[in-house]
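Listed below, chain by chain, are the residues.
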Amino acid sequence: MVDIRDDLKLIAEMVEPNSRVLDVGCGDGALLDYLSHTKNVDGRGIELSMDGVRQCVAHGLSVIQGDAETDLKDYPAEAFDYVILGQTLQAMKQPRDVLEMLCRIGRRAIVSVPNFGYWRVRMQLMLTGRMPVTEKLGYQWWETPNIHFCTLRDFVVLTEEMGITIEQTRIIDRAGRVTSRAHSGFANLLGEQGVFLLRRNG
Amino acid sequence: MSAPPTAQQPPLVTPAVADTPVMPGKRVRLAVDRPMRLDSGVEIGGFQIAYQTYGTLNADKSNAIFICHALTGDHFVVEKHPVTGKPGWWEMLVGPGKPVDTDRYFVICSNVLGGCLGSTGPKDVDPATGQPYGLSFPVVTIGDMVRAQKLLVEHLGIEKLFCVIGGSMGGMQVLQWAVAYPESVFAAVPIATAARHSAQNIAFHEVGRQAIMADPNWCGGNYLLEGTKPEAGLAVARMAAHITYLSETALHRKFGRNLQDRKAITYGFDADFQVESYLRYQGAAFVERFDANSYLYITRAMDYFDLAADAGGTLANAFRPGGKTTPVRFCLASFSSDWLFPTSESRAIVHALNAVAANVSFVEIETDKGHDAFLLDEPEFHQVIHGFLEGCAEHRGLSVRRRAR
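The listed protein sequences derive, respectively, from chains S and F.
If you count the first sequence from 1, position 84 lands on 84 in full-length UniProt numbering, and the numbers rise without skipping.
If you count the second sequence from 1, position 103 lands on 103 in full-length UniProt numbering, and the numbers rise without skipping.
Hints in this document: simulated from the structure, not taken from any laboratory.
In this text, all values refer to a predicted model and were calculated from it rather than measured experimentally.
Virtual Cβ for every residue (Gly too), placed ideally from N, Cα, C.
The reader is advised that the hints may include incorrect statements.
Have a look at the derived ranges for each label pair, beta carbon to beta carbon [what the hints assert, rightly or not]:
| # | chain 1 | residue 1 | chain 2 | residue 2 | range |
| --- | --- | --- | --- | --- | --- |
| 1 | F | E159 | S | E13 | 34 to 42 Å |
| 2 | F | G97 | S | N18 | 31 to 39 Å |
| 3 | S | D3 | F | V83 | 52 to 60 Å |
| 4 | F | N58 | S | N18 | 26 to 34 Å |
| 5 | F | S40 | S | K9 | 54 to 62 Å |
Chain S with its partners taken away, still in its complex shape (with noise of 0.2 Å):
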C-alpha cells in the first residue's frame, strides 16, 4: 500500500472515487498517486517547483509546473469535482482570491489549513513574546513562507464572507489524530491543522 501523511490520508477520505481531481501544490505527488490507484481518481497537479514537477511527470502523473496565484485562472469553472490545496494556503499573497477559484474551478474544494490558534502557537506568543516556531511551522519569521496565517476560526469566517459552506470539518491534533468534525472555539484551540470540504453556495 502506497502510504501517506495523515492529513492527507484525511483529504483522499473526502474524495469520491472516479472523479476528477486537481492537486494544487501537490509536491511529489504523493496524494495524486494515492488518489489514483485508491480511488481510480483522474488526477492533475500543479506545482511550483521543477523537482516536484519532475519526479510527478517521471511517475507517469498529470502535472505542470505553475503557480496557484497566476495560473488556475485560465481553468474554466467546475473544470474538477476536486480542486484540493494542502497546507498552502496561508503561503498565498491573494488567499481570498485563491480560495475564490479553488471553489470556482472545482464543484469542490478541499483545503487544509495550519491553525494559528492552536494552544502551542498560543502558548508561544504569549510567554516568550516572540513569533511562534513549531514543529510543523519550523520558519523564523523572516525566512518563512507562510505569509498570511490565521486561526481556523478566521478560516471559517472568511468562508462565511464568502458565501462558502464548509462540508465536511476534520480537526486534527499534533499526532495525526481527528480530535473533532466540527468547527468550535474548543477545536480552534486543541487543532494543530483542520481540513474542510467545501463548496460554493448557490
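Fit chain F to the known structure of chain S by using the hints.
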C-alpha cells in the same frame, strides 16, 4: 505476435524515383487514387513517402508511436545514417529498453512531404514535365505534412496512434496531429516547440533562405537542371541556423575564444577561431545531405505554422474540437536555455490546454545546451518521457506497471 504490417505490402511500394540514390528504408506512394488537397489549395497525388519502422505492431494495433522529425531531420531515427554514417538522430531516446522502447512499441517515422531523403520534394521529378520540380513544387505546410503522415498511418492499418512525439518542427507536427486528428491520437508529446513560429524565428529562416537564393548556383531554383549546386548559400543558411540551436553558454563552454590549430590570430579571414571552423564544418557537412530547395520549403512550412490563427485566433479553441475538451493526453517539455523555442512558448500551449481542462503535463528541463538539448543526452528529460509513456501505457491498457493493492 503479429509481424510488422509493412512486411506484406509490396503492391503500394514503388521503386525510388530516378534521381534518388538507393536508400535503405521503406517507401510508399500515397494519395494515388484520390489526390490530397494541400492548404494552398493545390492538389497532389501519388506522392512518395519514405519511412522507417521499429519494433512490432501488436495484435490490436494499439502500440504505435509516430515520431515527427525536425527541420533537417529524417526517418533514420535509430540506425546509422545512410549518408552521414552518424548514429540515428534520436537513438538516445528510441530503441530497445530506451524511453521509447522498441521492444514494446511499434515506432514509425517518415521523411516529411517536401523533404529530400526519399519523400517527394522539390528535387524530385514532376511527372507532368519530366523535370525536377524545383520551385514549381507546391508550398507545403505543417498541416500538409501531417495529412501525409495520417495517410501513411492509415496505410499501415492503424486507426489510433498510441503517441505522437517530436521536437522543434516535429513538435509543431505533434500539435497539428492532436488538433487535426484528436480521435486518432491517444497521447502527444510536443517538445521544445511552439504553437506558432515567432517573428524572430521567421527572421532567422529568412536569413537562411536569402543566403541560398543569393548563391548564383541556385539558378532561380533550377540548379538541378543547370547541373550546379548552391552549396555556399545552403552552408551559410545552416551556419546561421546552427547558432540558434545552441546557447551562448554552450558555445562558450565548447569553444570559448580558442584558436583553431594555431597559436596566434592571423590578421586575416581564415577560420582563426574554433567556433568558426566548427560552423564551417557544420555548413559543409550539411550540404552533403540536404537539398537547398527542400530547405526553402520546409522553413516556409514552419513560418506559416500558427495553430491559434487556424482556430479563430484563440489557441484554446484548437483544443476544443466540437465544443468538447480534447481527449488527447499531453506532455510538453522545454529546455531552460532554449532561446529559439523558449519555455514561454510551451507555457502558452499549457495555458490554452488548461483553459479547456485538458490532461496535460509540463516540464522545463534545466540545461545549458540550448534548443539542441532535445537531441542530446539529458537524463531528466528521458526520465520524463519514460514516465509519461508508462503512465499512458497503463491508461491505454498496454501494460500493468504497478497496482494498488
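Hint check results:
Between E159 of chain F and E13 of chain S the beta carbons are some 41 Å apart, a value that agrees with the proposed interval 34 to 42 Å. For the hinted restraint 31 to 39 Å between G97 of chain F and N18 of chain S, the CB-CB distance of approximately 34 Å keeps it satisfied. D3 of chain S and V83 of chain F have their C-beta atoms about 55 Å apart, which keeps the hinted 52 to 60 Å range intact. Evaluation of the 26 to 34 Å hint for N58 of chain F and N18 of chain S yields a pass: the beta carbon distance comes to about 28 Å.
Restraint check, S40 of chain F to K9 of chain S: a C-beta distance of roughly 59 Å satisfies the suggested window 54 to 62 Å.
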